[in-house]
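Going by our numbering, 187 is the number at position 187 of the sequence shown; the sequence numbering is gapless.
Honestly, the hints are just simulated from the structure, not real lab data.
Incorrect hints may have been included.
[Stated by the list, open to error] Here are the in silico distance ranges between beta carbons for each label pair:
1. Ala36 / Gly204: 52 to 62 Å
2. Glu26 / Glu58: 17 to 27 Å
3. Asp208 / Leu9: 36 to 46 Å
4. Arg225 / Arg146: 41 to 51 Å
5. Trp24 / Asp206: 41 to 51 Å
Cβ coordinates follow ideal geometry from the N, Cα and C atoms, glycine included.
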Amino acid sequence: MTALPTRKLEAFRYADIDALASVWSELALPESIEIAAQQRLQQIWLPNADEVQVRRAEIALHAGASVSIFALNTAARYGRIELDVTLHEGSDFAFDAANIGGADSTLEIVTVVRHVEPNAASRQTIRSVLGGKAAGSYLGKVAVSRGADGTDSVQSVKAMLLDRGATANAKPELEIYADDVKCAHGATVGQLDAAALFYLRSRGIDTDAARALLTQAFAAVLLERAPVDSLRERVNNAIATRLHAQKAVV
Numbered sequence: 001m002t003a004l005p006t007r008k009l010e011a012f013r014y015a016d017i018d019a020l021a022s023v024w025s026e027l028a029l030p031e032s033i034e035i036a037a038q039q040r041l042q043q044i045w046l047p048n049a050d051e052v053q054v055r056r057a058e059i060a061l062h063a064g065a066s067v068s069i070f071a072l073n074t075a076a077r078y079g080r081i082e083l084d085v086t087l088h089e090g091s092d093f094a095f096d097a098a099n100i101g102g103a104d105s106t107l108e109i110v111t112v113v114r115h116v117e118p119n120a121a122s123r124q125t126i127r128s129v130l131g132g133k134a135a136g137s138y139l140g141k142v143a144v145s146r147g148a149d150g151t152d153s154v155q156s157v158k159a160m161l162l163d164r165g166a167t168a169n170a171k172p173e174l175e176i177y178a179d180d181v182k183c184a185h186g187a188t189v190g191q192l193d194a195a196a197l198f199y200l201r202s203r204g205i206d207t208d209a210a211r212a213l214l215t216q217a218f219a220a221v222l223l224e225r226a227p228v229d230s231l232r233e234r235v236n237n238a239i240a241t242r243l244h245a246q247k248a249v250v
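Construct the complete structure from the given sequences, taking the supplied hints into account.
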């Protein structure tokens, strides 16, 4: 195992190093996933009961392969998801993930997606719902190599802060060395829309229900892509827990 990283490293600038140190000596090497040409893989990454959780994977997609990952990051103290993805010609990678945390949890998603051959596509959709003094981060780099023409890449990153003490960090990054590409990224951080909340309350919807509706609407893009109903329910339950915790503090 290599030395424990420090916040001087860009990929760990927002990490809870003390929490990471508690599992570092036992941390396994990143999972290696190789998808043969024209093959497909779908995975669902769910948290366990551990306070500190780190999941890492290195994924290689060969020509025409596709990978879809749905991840839920809700560790009580520190949760970190790392992905290093390499896309060959005509391959497709989709990553939908949610950071949902409260109290003083630190939740991180760190990705590097490498387009090394033409006509590959990648889509990353990240939503964070953060209460208490939680911190949620997304650091995502998309690197397009020379000759990887026809690349199509999107990073959509949004965070909703339920309490003033919560923080969100977002750094989608593009490094492009090819000419004919379609790459886009966007990041926003906000709170519940006060005007929308007022409107719903004026229609007879109580405050708690209105907050739940608005928060679920914020996460709707992920809920729609959840591959099974039970996963949608789990995401909704995690959001409801955060809203209940906020109500208790207020």
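So which hints don't hold here, by number, going up? Hint 4 alone not satisfied by this model.
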